[in-house]
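Novice: In order, the protein sequences belong to chains C and F. Under the working numbering, the first sequence is numbered contiguously, ending at residue 419. Under the working numbering, the second sequence is numbered contiguously, ending at residue 734.
Keep in mind that the hints were calculated from the coordinates and are not lab data. Please read all numbers here as calculations on a predicted model, not as lab measurements. Note that beta-carbon positions come from the ideal geometry of N, C-alpha and C, so glycine has one too. Certain hints may be false.
As the list claims (entries may be wrong) - In the DSSO-like style, the derived pairs of lysine-lysine whose C-alpha atoms are separated by at most 30 Å in a straight line are:
#, chain 1, residue 1, chain 2, residue 2
1, F, 586, C, 294
2, C, 202, F, 721
3, C, 59, C, 173
4, C, 294, F, 599
5, F, 715, F, 586
6, F, 566, C, 306
7, C, 17, F, 566
8, C, 140, C, 170
9, C, 306, F, 715
Claimed, not checked - Label pairs and their computed distance ranges (CB to CB):
#, chain 1, residue 1, chain 2, residue 2, range
10, C, 102, F, 551, 34 to 44 Å
11, F, 595, C, 305, 29 to 39 Å
12, C, 404, F, 519, 53 to 63 Å
13, C, 12, F, 635, 23 to 33 Å
14, C, 138, F, 495, 33 to 43 Å
15, C, 99, F, 519, 20 to 30 Å
16, C, 258, F, 499, 56 to 66 Å
Unchecked claim - Taking beta-carbon pairs under 8 Å as the criterion, some of the chain F residues facing chain C (in silico):
#, residue
17, 640
18, 648
19, 653
The residues making up each chain are set out below.
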Amino acid sequence: MLDEPVVHGIEWTIKELFVYPNEFIYWSIQIVMYPYMTGLVAGAFVLSSLYHVFGQKDLKEIAQFSLVFSLALLPVAALPLLLHLQQPTRAMEPLLTPHFTSAIAAFGIVFTTYALIVLSEIWFVYRKYFVEQVYALKEKAGLPNAMKRMVYRVLTIGAYDVSDGAIKVDKKAATVLAAIGIPVACFLHGYAGFIFGSVKANALWMSPLMPVIFIMSAVVSGIALCMLTYIVIMEWKAFRQRRAGGALAAGEIKGAEEEIISKAAKYLLGFLVAAISLEMLDLIFRGYTAMKSWDILRSVMYGKDFLNIFVLQYGLGNLVPFALLILPRRTLFRTVIALVLVLFGVFMMRWNVVIGGQAFSLSFSGYMHYEIPVIPHSLETFKEGVFGALTVIATPFFLFWIINKFVPSLRRDSEGS
Amino acid sequence: MTCSRRDFLKDTVSGSLVSALPLSAFTLISSAEAAAALDESKTRWAFLVDTTKCVGCGMCVKACKNENEIPYDAAVTRTWVERYVVTKDGTTHIDSPMGGRDGFIDDKIRDEEIEPEDIAKAFFVPKLCNQCDNPACVQVCPVGATYQTNDGIVLIDREWCIGCGYCVMACPYGVRFFHPEKKVADKCNFCYHRISNGMDPACVENCAFGARRIANLKDPDDPVAHLIRTERVSVLKDEYGTKPHVFYIGLDAEVR
Chain C
3 MLDEPVVHGI
13 EWTIKELFVY
23 PNEFIYWSIQ
33 IVMYPYMTGL
43 VAGAFVLSSL
53 YHVFGQKDLK
63 EIAQFSLVFS
73 LALLPVAALP
83 LLLHLQQPTR
93 AMEPLLTPHF
103 TSAIAAFGIV
113 FTTYALIVLS
123 EIWFVYRKYF
133 VEQVYALKEK
143 AGLPNAMKRM
153 VYRVLTIGAY
163 DVSDGAIKVD
173 KKAATVLAAI
183 GIPVACFLHG
193 YAGFIFGSVK
203 ANALWMSPLM
213 PVIFIMSAVV
223 SGIALCMLTY
233 IVIMEWKAFR
243 QRRAGGALAA
253 GEIKGAEEEI
263 ISKAAKYLLG
273 FLVAAISLEM
283 LDLIFRGYTA
293 MKSWDILRSV
303 MYGKDFLNIF
313 VLQYGLGNLV
323 PFALLILPRR
333 TLFRTVIALV
343 LVLFGVFMMR
353 WNVVIGGQAF
363 SLSFSGYMHY
373 EIPVIPHSLE
383 TFKEGVFGAL
393 TVIATPFFLF
403 WIINKFVPSL
413 RRDSEGS
Chain F
479 MTCSRRDFLK
489 DTVSGSLVSA
499 LPLSAFTLIS
509 SAEAAAALDE
519 SKTRWAFLVD
529 TTKCVGCGMC
539 VKACKNENEI
549 PYDAAVTRTW
559 VERYVVTKDG
569 TTHIDSPMGG
579 RDGFIDDKIR
589 DEEIEPEDIA
599 KAFFVPKLCN
609 QCDNPACVQV
619 CPVGATYQTN
629 DGIVLIDREW
639 CIGCGYCVMA
649 CPYGVRFFHP
659 EKKVADKCNF
669 CYHRISNGMD
679 PACVENCAFG
689 ARRIANLKDP
699 DDPVAHLIRT
709 ERVSVLKDEY
719 GTKPHVFYIG
729 LDAEVR
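In isolation and in its complexed conformation, chain F is listed as follows:
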């Protein structure tokens, strides 16, 4: 059998065209189209933190670490509590030892003694993933391993994350980290496995003071959603345009 170069090229082109034909039965759709094709969700999860109620006991951090299997003594955590002490000279002292896991039992902040009479104000601020409407982390993931569900939660596919750390860099809130055992990106997801089954997130369930509450913004009868709508709430770092969905009551200008 002889096969000239011209014949070879001809056959290659026609062969690849024929084999590509069945592929044309598929159409490419954008992620927005895919979302529209699915049912419009009746849920948009949000979170309400009342900083005036937080006492810094750290039960939320403990509960989160146990619930979500984040190594208990590792420095990283899905949620944490910050302590702010503003002294009368205008200085702000902030700390969060072990993410506030064990409460704030030491008066000192980084070995610095602050006299009670010097304190102008002091408070605690719990932090967690903001489940942004315009999440920077989802935008920068090169493989689509982190994605947003249609009820607003940003999730991570542990089987597909390559561990490049771009999402960790892109998050303005510093909520992301590498899971010490799984070696992939990790962060708070409002305990998606619990809220999808009618339960509260672990931190909400374990907050004895009602400082943390979960809301479904699309439910007109949701009491927490009602609070978010009617109270004067604020969000963290809105200048980044990420549209965060953790709302705060009593947020001080000093909070970073």
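Isolated chain C, as found in the complex:
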């Protein structure tokens, strides 16, 4: 039994009626995670740009946080792809020999460009802080401080000029980068939509609306995750202040937090409406034109996947949080519930696109069901199972924890003011 080679996909695919012999769910949970994580990156960056480019001053604090958070999310956008490859050691090949008629070949270039923009924007925003740290740590003794100072010296890249003129240039550079970053972030994610939308063989995926739908839901999920993480961190800070006896300081933190959250919630609602409208347009158009594939698509959407699409995605993931956010007397608790549901809704959207697109056979005469592996019994069932997905979800928070030690994105008096 152990010597028998395992066909990729056979362990989690259940076939029903007539399916071609070679058809399996080849793109599983990690390909659900990929657009989800990329979307969070893009969304987090767009939120930070609302402040840097459009001067939404009330978003300042969450903007700095989401900029640094988008850096923590960035490597995690590529992680699911690595986990999904059958030949992970060849992962660099799309960069070495890109075949440009393929949408995936652009990934390396778009991803690198975007990473450079995020890194340099953070550098310009925090350069003054790095320089200050180098001088401040000089006074302190001890090896840890010396090492920390070394890190900051590297981070300054030798630029120690913190005169008013230089800081002005920094600020301008950050604004320009944020402005360039918006289309690049949209491109990074829109092109993830293009990867699916351009597969002409797949009746569910093929749609020119796919990239735009992906961008809108990306911004929704990115804003939601930033808001949620921000609330959790601020609540934790306020809690610590209160325990230390600083009830006044705790109240101050909470006041600032509420203001930012109510502003960010407005943007969230706007993008949510845009995302739902586009998805509805796509659905109505498919039903109205009723091409050859509509019979099987309808049986999947209104039948087999009804719970996933209409109850979990549109109902619980879109409609309920929409109501929770828009109804009067919104409390912080209600906001948190709404944000969690929004994140869940966008995840279900990715699931319904990626897994839903493989739920029916190319023959239009049969179905495939995806049974996600829970308890792994091999590397493959780990990578493409529940634990693989959880690994991907946990990584950005761990990375943020490390990055935030050197780039404090949550200081209430941070630069750029």
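Fit chain F to the supplied structure of chain C, relying on the hints for placement.
Specialist: Positioned in the frame of chain C, the structure of chain F alone reads:
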């Protein structure tokens, strides 16, 4: 030695320019130019399937699995045979157990008994890679590991495939899969190693009924190419614009 920042930058720029100069001796050419630079091929491989002759014995699938070293008991296969049974009430029953490898010895289709008097028509349809002129799989490969030869066959470089599965998703015919041992994309190539050496593909050689035949469309004297030119043939799923090169005689409207 002192080196100001300005000097450093200057030297870096001039240094990289000098080192880049020999590279300018090379020119970038597109794949189309490369193909044109090579001799125009005198071959365009195509395939003719006469569904009226297929009895569903499965010898072609057996031969293919052995010839191309696809694990015999794995569910995936480079070629397969589908059985269609259309009953008088208009329902179409389709199956292909183990790709039809062991023939269709059971009357039941997915445990469903179909009475002979209820059957309106029934037939077999062999399937294999269509070696498309406009192959979607080649278009989407991010590393160029799958490519088209100048005689029309789409091949896979097992040393360069990263196993992303995009080609598997892009093929409208479902002919691609991951090789269970090699862990790279795999599919039928008309037995390229055989046809390039004057032999027939394994499935053609092992079809006792002449249902499968290989043709060189560019050879005016090729009898099979002559059949494709003069008979009423059709292809599968031409709506995808892939320009498939497996031609069928007697293809029913029910065939998916």
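Novice: What hint numbers does the structure not satisfy?
Specialist: none
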